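Build out the structure end to end from the sequences listed, making use of the hints.
2 protein chains.
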Amino acid sequence: MKKLNFKVLKTDIIHKGRVFDLKIDEIIYDSGNKGFRETAVHPGGAVVLPVKENGDIIFVNQFRFPHDQFVLELPAGKLDFNEDPFICAKRELTEETGYSSEKITKLGAIFTTPGFSNEILHIYLAKELIEGKHNREEGEFGMEIVSLSLKEAEEKIKSGEIVDAKTICGILYYKLSLDN
Amino acid sequence: MKKLNFKVLKTDIIHKGRVFDLKIDEIIYDSGNKGFRETAVHPGGAVVLPVKENGDIIFVNQFRFPHDQFVLELPAGKLDFNEDPFICAKRELTEETGYSSEKITKLGAIFTTPGFSNEILHIYLAKELIEGKHNREEGEFGMEIVSLSLKEAEEKIKSGEIVDAKTICGILYYKLSLDN
Chain A
3 MKKLNFKVLK TDIIHKGRVF DLKIDEIIYD SGNKGFRETA VHPGGAVVLP VKENGDIIFV
63 NQFRFPHDQF VLELPAGKLD FNEDPFICAK RELTEETGYS SEKITKLGAI FTTPGFSNEI
123 LHIYLAKELI EGKHNREEGE FGMEIVSLSL KEAEEKIKSG EIVDAKTICG ILYYKLSLDN
Chain B
3 MKKLNFKVLK TDIIHKGRVF DLKIDEIIYD SGNKGFRETA VHPGGAVVLP VKENGDIIFV
63 NQFRFPHDQF VLELPAGKLD FNEDPFICAK RELTEETGYS SEKITKLGAI FTTPGFSNEI
123 LHIYLAKELI EGKHNREEGE FGMEIVSLSL KEAEEKIKSG EIVDAKTICG ILYYKLSLDN
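From first to last, the protein sequence lines stand for chains A and B.
Numbering-wise (the working numbering), the first sequence opens with residue 3 and increments by one.
Numbering-wise (the working numbering), the second sequence opens with residue 3 and increments by one.
Think of the hints as simulated: they come from the structure by calculation, not from any bench.
There are no misleading hints in this set.
Identical copies carry no separate label here, and so any pair may be met within one copy or between two of them.
Here are the simulated DSS-like cross-link-like pairs (lysine-lysine), alpha carbons at most 30 Å apart as the crow flies:
#  : residue 1 : residue 2
1  : 177       : 158
2  : 135       : 177
3  : 54        : 108
4  : 129       : 108
5  : 158       : 4
6  : 158       : 5
7  : 129       : 158
8  : 80        : 36
9  : 153       : 105
10 : 54        : 135
11 : 158       : 135
12 : 36        : 92
13 : 160       : 80
14 : 5         : 135
15 : 18        : 92
16 : 4         : 153
17 : 135       : 9
18 : 92        : 108
19 : 160       : 4
20 : 80        : 105
21 : 129       : 160
22 : 105       : 135
As the structure is a computational prediction, the values presented were derived from the model and not from experiment.
What follows is the structure in structure tokens.
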């Protein structure tokens, strides 16, 4: 680890949230200058790339409050306290799409916004899907399933119809896994 | 636009930050249930994928406070108030790497964390790079340039050495642009 040029003087959690806490650190540089670091402290989450037998990938189209619009994404959700991301992935797959799978493997993990949040999302591939009934929360009203081939998904990334970062990362991980 | 099942009752900015503001919306569902939505309100930013004449891509390795570690990323930065993302991309490229370019084109835009932030990052490709001197901020201490071929970058994504979401998205946009 490289030597850093600052020390933390004081840490405050100024808001305990439902999804994230807001932490403010006061820092002092070796120069004597002071600064602040704001962090959205997030428990992390799991993302699932479910692939059907015909090769289609299952996405969900869901309303996202911060952007005030529907966003086409891979199924995903926040970790419960101390939850294993793998368990979270299984749960979210079924809750959001109704599908379940006993063939879930890890593709990778991403830092979504390292500049201002510690959120880590764990990305999984789910195969041999079994159809069932979804169990969405009230806040997931209007969510719809969209099945796309890898090629169609890539076209929607190029055209700007898919803009969700975890989804685009999931697609690249999946492509790289197919190269092996 | 689909009909939603809630209305916003009240909006409060509970923290005005250096990087983001924390906004809390109180909502009421059609069912009568109430809830809250926390949003990290972020001005957005620009990301640059700089490609050298030999095909190598330029990354920066920089300390990220929320993760308490160095993270290998594409050069990027936050938009100044009302700044055009293209101008921001040009500025950040030079500030962080010293390189400048008159051949900057848009690759795409991403929602980094649509669950809890409205951050949008605009991703650009920079070619025909001209070497110069970087101009890093005090908070960018220890930042180092790392040049990797596309193949090496993909290997580092697979191995987990590259985990930054905007960087992984940038690599996929770049790959898709090469397919044309």
